[in-house]
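Participant: Put together the whole structure using the sequences plus the hints.
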Amino acid sequence: LIFHWLRRSFRHPVPTEPIMQELKGNFVMFDRVQRVFHWATTACFILLIATGLPLYDPSAFVLLAATIGVPLHGAFNTYVMIHVIASVTLALLLSVHIAWDVGKLRSLNVMLPTKSDFRDSMVRAKSLRLGMEPYPRINKYDGFMKNFHLFLPIASVVLALTGVYMLLYAQWWNIPLELHFQTEPPFKPTILHDVFGFLLIALVLGHTYFSLLPINKPMFRAMLKGTITAEEIAEKYRP
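Counting in this note's numbering, the sequence shown runs from 1 upward without gaps.
Just so you know, not all the hints are guaranteed correct.
Within a straight-line C-alpha distance of at most 27 Å, the following computed DSSO-like cross-link-like pairs (lysine-lysine) qualify [claimed, not checked]:
1) K115 - K146
2) K225 - K104
3) K140 - K217
4) K24 - K217
The hints are simulated quantities; they were obtained by calculation from the structure and are not laboratory data.
Facilitator: Structure, rendered in structure tokens:
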């Protein structure tokens, strides 16, 4: 992300791919259900990260907790409860999102990765590294976004299964540190939970970074108001 910011933060190549049709007016990029899902999911992620990281490594947050006056040691059950509530809410939101986008909007075909996405990604990567042309237009969901969409339900299933197991059978936060390894079963749910949790955090940070780049202001505004103008589409997107 640092390398990308140094190369692309305030300058972006102009697409050389021609636009093949005339566009006028405004177009709906994200409807109301999609926008509510997006911002509700954002709130859930913030809660999950804010409660998950202190549970992962409490010692790293002792000073911060003391500074802002938030209880830490002795309050793990409260953190776990908030973490579980945010997780269940996220699972419900994902279910609604899948049902709406796949069942109602029939948009599965624009959310699955294709060979053209791979080709576009390779061209964009070469341009990022070498400044090469030609440069392709961008789909509503590019390769990064499509793979993020795919990883989200996969990670959610793994995190849910391992989280439920820990909650019911291996509540390490309620036992002394030296007994943690005795509660960990052979399939290592705690490690799986940590790995997929940190992968998800990394992707969320990448998603946030790209959404805040000046070049992506039209997409960010569309996630607030729903629409994008024909001029903004013509500038760099595929219709």
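Participant: With reference to the structure, classify each hint as holding or not holding.
Facilitator: Outcome of the hint check:
no.	hint	verdict
1	K115 - K146	12 Å, holds
2	K225 - K104	20 Å, holds
3	K140 - K217	13 Å, holds
4	K24 - K217	19 Å, holds
The structure shown violates none of the earlier numbered hints.
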